[in-house]
Amino acid sequence: MSAWKQRLRSPRGQVQLMAATLLGAAVFAGALGTQQAFFERYIVEKPPPVEAATRRLATRLDGGERVDLDSADRTRLYELWLQEPGSAGAGVAQALGEASDWLCARVERSLVAGSTAQRLAAIDLAQRAEQCTPVLDAARERARAMGPAEVLDALNP
Amino acid sequence: MEALLRWLGVQPRPFRALLRTFVALDLRGQFYGLATGAKAGELVSPLYWVVGQMLTVSLLLTALMQGRVEAWFYAFASLSATAVMVFSAVVVEFQEAAFDPKDITVVGHRPVSSRTWSLARGLNLSLYVALIGVAMTLFPTGMGLGLRDTEVRWLWLFPWANAVVAVGTAALALTVYASGSVAGPGENLKKVAAWVQILAIMALFYGGQLMLRDGSGGIGLVPLHLDPWVSYVPTLPLGHAVADGALRPLFLGTSVSTLLTVVAWAALRRAWERVSRVRSTDREVRVSAPPRAGTLSRPLVARLLGGRRPAAVHALVRTVLARDSELRARLVTVLAMPAAAAVLGPLTAQYAPPSQQSTTSVLPLATVALLASTLPTAMHALKASRDHRAAWRLAEVWGPSGRSGARTALLSWLYWPFVLAHAGLCAWWWSAPVEAALHGLVGLALLDFVSRLAAHSLWVRPILSVPPVRGGTLGGALGVVAGVGALASVLGGLWFAVAPWPLATAGFAALLAVAGQFVDREIR
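Protein chains in written order, with our numbering: chain A, 1 to 157; chain B, 1001 to 1524.
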């Protein structure tokens, strides 16, 4: 058996191995702690691409037409709002706001699991629909602690 | 130091000798193998792997939460993980680290006071707990400092709170056991607790992926909707205290932990004195009969396998599987990947019937292909047994018929139930029982073909004949594992191609069955 293996087998060698591992883990942990931006890059909702039918539905709603929306329609419209904030307007916000519980749960999810742009879009939608005040209040507290500043600015009255 | 020990009523020289012995035993002892699966011949001691497992749990947990939750929840979850890990570690290694009744036969007749012995044992346990505590502290401390809502004080507040939790949990476990049963936790509880560490790693790895992939916000929403009972968990106020820099709860926690430690030491002393009064030879020893394999099905098995010889090997392997828990554990763990695929697939809506030929219909086939690719690993594991000295019984009957019996035993014990359960899951999920039954049939044919091929490559010498120390790694089976994995993938691809047509799929299954027979006849 080689000398280093024999050394590793001894109690002293085991202590040294364990100390080296813990030291390496401490350095690695410290290095990871400086990479917050790396972890935050992966906090983003990934909705499927917007379909042409969804855009047409949004146009009809923004044009003032009255449409009965089911759950799938609402989800697709919300995803359109997240991905292309400019392509839907007050009609869509009003239609989504009619299902306030659903909208608040969806906005809350975007506020914790979405990117900064998606959070801003969700806040805009909730404010236009004049819904979800408790969710926005909780998000304001969270943004005060965790940022980012743009989200806090958007939430401040 | 000596003066302090004397002031405590402890004999310094015996104390140092006992502590040195206990620590040396910890560093090279094999008892930590229960929680790690490490074997006697390995270069690195099982205790090292215990620390490695703690580091892994802690790294996975913190990486999962990084940037997604507020600091108080980050601290709460990390402290709770420490409590669970320390508790499981103390339960599993209670006799070795805290109270071994066999100590009485070694030091009982020597002039060692109960105070000296209990302090040495208590300190030995403290070192063990400190090691686990440090392993569970490093990642939350280092990575937590990078959170947007933490400040520099996190660097000392979190380790402090973590130490409070680790010491408090260990002292509580020690108090409960030492004041109740001096024999410590039962074997079943120890086995369950030993699995906690492995299961925690798997739950965090796969569960974390599920939470990140399903897009429902998962971990970020948890702190916003905590159940009311969580407010009674002691680590919650500590988590808030760490995040807010509130010192009062931390001082309170420290006082409770210190008090518990003193009580634990007193309980340990009492337990030692109680055991000292009982001579070891007076202890009642109960030996339960080992489980025996049934014999009723043997004539049927002999008929199905084509002779008494393969039936005898089949019965022998089933008996070993019923008795050898370590072997069972080694075999069951190879199913982790296909099991994870079968659970994650439906949960992430990627488990459509293969006949749909979409990207979401690949996983049901991939699960079976993954299952087939684990066969060489399981067959290699079956080469080793703790009863390897009795394998001469197999040498007489080893050959094509022996291989057939062993192969059927392995398939019927582990793989067929999986395929059938998977077919049941598919039938329920797809609402298409006929397609699911066909899926199961192809799965059985694929396993049959692959197992025949692998058996000829891996089971040249009788199985169960190698000491387990060599069965822990893949060793010389790597080539077969890679080859069979590649073959299973290719066959999975072919299966996917014919999946839209039920008749072609049934023909594919028949082709696999014929190919299996061909392999048996040609290689024999």
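Just so you know, these hints were derived from the structure itself, not from any lab. Since the structure is predicted, the reported quantities are computational estimates derived from the model, not experimental observations. Hints are not guaranteed to be accurate.
Calculated lysine to any residue pairs in the SDA-like style (CA-CA distance at most 25 Å, straight line) [as the list claims (entries may be wrong)]:
# : chain 1 : residue 1 : chain 2 : residue 2
1 : A       : Lys5      : B       : Ala1024
2 : A       : Lys5      : B       : Val1023
3 : B       : Lys1102   : B       : Ser1114
4 : A       : Lys46     : B       : Ala1024
5 : A       : Lys46     : B       : Phe1205
List of violated hint numbers, smallest to largest: Violated hint: only 4; rest satisfied.
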